[in-house]
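S.K.: Place chain B on chain A using the hints.
Protein chains in written order, with the working numbering: chain A, 1 to 291; chain B, 1 to 259.
Source of the hints: derived by calculation from the structure; they are not laboratory data.
Mixed in with the good hints, there may be bad ones.
[What the hints assert, rightly or not] As a list, the in silico DSBU-like pairs of lysine-lysine whose alpha-carbon atoms are at most 35 Å apart:
#1 K276/A to K207/B
#2 K228/B to K60/A
#3 K270/A to K228/B
#4 K270/A to K207/B
[Unchecked claim] Covered, in the sense of this in silico footprint (three residues per stretch, anywhere, with C-beta under 8 Å from a C-beta of chain A), are these stretches of chain B:
#5 206-214
#6 219-229
#7 245-258
For each residue, glycine too, the CB sits at the ideal point set by N, CA and C.
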Amino acid sequence: MNRREFLCSLAGCAAAATAAGCLDPTHTGWFRKRFRELAPADVAAILEGLEREHAERFGKEAQVGAQAALPGVEFGYALDISRCVGCRRCVYACVEENNQSREPQIHWIRVLEMEKERGIDFAEADAYYDAEQVPRPGHFYLPISCQQCRNAPCVKSCPVGATWQEPDGIVTIDYDWCIGCRCCMAACPYGARHFNWAEPAVPAEELNPNMHYLGNRVRRKGVVEKCTFCIQRVRSGRYPACVEVCPVGARKFGNLLDPDSEVRYVLEHKRVFVLKAELNTRPRFYYFYGL
Amino acid sequence: MHRAARGKNWHDAQDNPGPAGRLHHSGPWQDRHRGLSQAAERHPDRTRLRALEPSGEALHMNSVQQRTTDRRRMLRSPGRPLALGVLVLLGSCSPESAEETLPGAPQPLAAMPPGGAPPGDSELAPPPFSDGIFPCSDCHTPDLPVNTERRALELAHQEIELRHDEEHRWCLDCHDAQSRDNLHLAGGMLVPFEESFRLCGQCHGDKYRDWRAGVHGRRTGQWNGAKKYLLCVNCHNAHHPAFEPLQPQPPPLRPGGAP
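The shape of chain A in the complex, shown without the other chains:
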């Protein structure tokens, strides 16, 4: 093969790849820009492509949105550990809402069982308790998911800028930008990030079709995911799924910038703490004693 033939065949390959959508001239494929730098038309094209993909894969219509943060909103969460009974309803409501992989299993919320005598002691905490009934005497429960830190170590550790903090405080991941290096998982002191070791399996009949680009759209193998405060719900004014399902009303959610919000009431009237405050991650997820 001489040089001319080689160049011709290279051009042919490029043309074929473009036709197959790999080298997408609309900046939505491999050579697209970062999500935050995309033009609205490109975002729309990407979302359309994702909807098509979901429809093909699950045989079910899905709406993938990319609603931006609401102005004047910074989300905060408060969890009453004096009420939580450790029933794990939130764990499974989250799995269903956010299309987490059933096999291999991914849970964004982990409920830790701790002994009242010891207090909060992560070394002795048990996430695998298997009780007939909860709460077990002498124990309390501490659910952990992403703390949506203001000073987020995961964001700082990402080498490619695939994870960032949105204006409303939600730390998000662009699954199409993530290279799967798992630096963020090593950096997170709360174990809140989860890796898709295999192609995630979500039963089509359990697929939640209300999706967000930065939230619960079905992930692919080799990317990291985590809680987004149910970005697809909260940006349209709804409560996160875990808040609504909690049978004891331990979970509170609202706008930290609104002095009349529930979460502000908790901050001003209850005994509140954050996890691992000494690390200066400054979480937006607060724990409190409501009783």
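M.R.: Okay, now just chain B, sitting in the frame of chain A:
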């Protein structure tokens, strides 16, 4: 901040009674309380009831607090002139007429302290009646004699197991013996089942305050829109309010399938 300045303590409001509070102190409400006490002396069976309540004064404080915490809302509320009107009406009653409104006879509901309810645009869940149980007056007809003797029930409602300060209380401390389709506050004022939170709030004031702020209880709906409120009794059985233990959902799998 308004809420922070208001203070955390149930009694803090005493130090800073709003316009409604002052009206309350000097107004006809107080006279009505005196009337209630006198009437209680004349009705020994009522005296028992009154001995169990925190005292007329305590109830009085309770309502002052409610008024104070909710005065902003109340000032906006269209019900205020009505409530004030009823207060004036009550004040103009002679002692005899005050006595006639006792014991347990229906008090006009508008005489209840305004406020104390969730914000006006919120949605309140209906009370969770068992099938066929309401209205109570279907069975408790005027022909059925009223027995106010404290006793174990034998003819009906035996399935109700009272585990809610049962040493000190029984049915008629909350249910009204005369107006069967209503509950009553410790002071005798009638409360419909749809507003039973007023009754619960008499003892559980801190929970009541949190509930009104949208913090006690399960939240559904919109974080930035109208709130949906559940009544206390939608989650807590009024007769044994402590939550029963739950069966938890399965634990997560251990990494690598380890047992």
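S.K.: For every hint, state whether the structure bears it out.
M.R.: Do the hints match the structure? See the list:
no.: 1; hint: K276/A to K207/B; result: 29 Å, holds
no.: 2; hint: K228/B to K60/A; result: 32 Å, holds
no.: 3; hint: K270/A to K228/B; result: 22 Å, holds
no.: 4; hint: K270/A to K207/B; result: 12 Å, holds
no.: 5; hint: 206-214; result: holds (count 3)
no.: 6; hint: 219-229; result: holds (count 7)
no.: 7; hint: 245-258; result: holds (count 10)
The structure fails none of the hints (numbered hints given earlier).
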